[in-house]
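J.: Residues per chain are reported as follows:
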Amino acid sequence: MTATIRRLAGAFGLVGVLVVLGAVPAAAVGETTGSCVIEEVGRAEDKYGSLDVLEETHQEDKLKKFGEDLEKCVEAPSPIIPELDEIIWGGAAFLILFGFMWWKGFPAVQRAMQARSEKIAADLDAAEQAKTQATTVLADHEAQLAGAKAEAAQIIEDARAQADLVAAEIQARANEEVAQMRARAAADIESARSQAVSDLRGVVADIAVGAAERVIQSNLDVDTQRALVDAYIDEVAGGNA
Amino acid sequence: MPDERLDGYAEALLAVAAAEGQSTLIEDELFRIGEALRANDELLAALSDSRFPIERRQGVVEDLLGDKASAVTTALVSMVVGTGHGGHLPDIVDAMVARGAATRDRVLAKVRSAIELTEDQKTRLAQAIKSSTGTDVEIRVIIDESVLGGLVTEIGDDVIDGSVRHRQSQLRENFG
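Protein chains in written order, with this note's numbering: chain A, 3 to 243; chain B, 906 to 1081.
Note that these hints are calculated values from the structure, not bench results. Among the hints, a few may not be true.
[Stated by the list, open to error] Label-pair restraints from in silico Cβ distances:
| id | chain 1 | residue 1 | chain 2 | residue 2 | range |
| --- | --- | --- | --- | --- | --- |
| 1 | A | Ala194 | B | Asp912 | 54 to 64 Å |
| 2 | A | Asp223 | B | Gly926 | 37 to 47 Å |
| 3 | B | Glu1078 | A | Asp223 | 55 to 65 Å |
Ideal Cβ placement from N, Cα and C applies to all residues, glycine included.
Starting from the given sequences, assemble the full structure and let the hints guide the process.
T.: See the structure below:
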């Protein structure tokens, strides 16, 4: 960019020089009235010899022509149509300047425009990429947000399910403990009842057996003892002992 | 007391009884003395108590047996007490009696009874055991009033309990 500006500055500088140079001939073409009169006088003298001769000889037509030529020197130039030499110098300067501009300035401008276009296109591409990237990031963020929301919902749902499960476990445990307490109470009652029955049965047995023992011992005389011994021997002999 | 030493004493007692020609009597008396000591823990402890002099313990034996046992039996018991093994006398006597029965090709059968058995009852009991178990036994009766009635026969580790006490126990268990 800086090189392009430098080239453009150089081109305009060169054009300025050429304009100055081209103005010199134009200034030379723009002669003064005095010089014009001098030139006309000189030209008339070259053509007719001496002007005095013309007056003396009353060559009126020539004097009139000379007078018209002098009048031309004092005539104002046309405000619209330039002088021919100006057109030539101006045209030549224009052509030179146009050629120079075509040769140096236009490529530079074209390159600058191309660079500018490329830069704008690159900026547009970068902007498009940034936009695409922003869109992608936005989509990612939205996806992450959606995922986070879904995850949060899942966590809440899991927590609720876990709470329900814990509550169910506590309820089940409480029911189980109640059932165990009832079972233990029933077992204790049954045990106490069994113990009472057993104790009662033992007391009854002690009474009954004690009575039987007293009856037996009171009847165990020598004959009974011998009879018992004989019965024992018979049982052993019979293999029933 | 090691089995070897116990068997040695049993064999010595048996040899003395045989030498005196009173094997049956001495074995029977020693068996009764041994069972009496087994049933009386205090007396058994006194005979084996080292705090008392041996002469004192032997004097107790002689005072207790006196005219209730033969002189040989009394001397044998005093000898065992004098060696300091009075506490093992029941076991020594058991080994002696079993060894004596074995020399006669029989097995010792301890019979507990509330009354003394007649010879006829002993013979019939031995025959009954032989017919039931196929073993020739030598009956040794122990008077034990705790059996109340009937008999309890011990042959080695086998016990045939036909006592009134056992029947009462069964009755009590059945009531329980």
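J.: With reference to the structure, classify each hint as holding or not holding.
T.: Cross-check of the supplied hints:
no.: 1; hint: A/Ala194 <-> B/Asp912: 54 to 64 Å; in the structure: holds, 57 Å
no.: 2; hint: A/Asp223 <-> B/Gly926: 37 to 47 Å; in the structure: holds, 40 Å
no.: 3; hint: B/Glu1078 <-> A/Asp223: 55 to 65 Å; in the structure: violated, 27 Å
Of the numbered hints stated above, the single one contradicted by the structure is hint 3.
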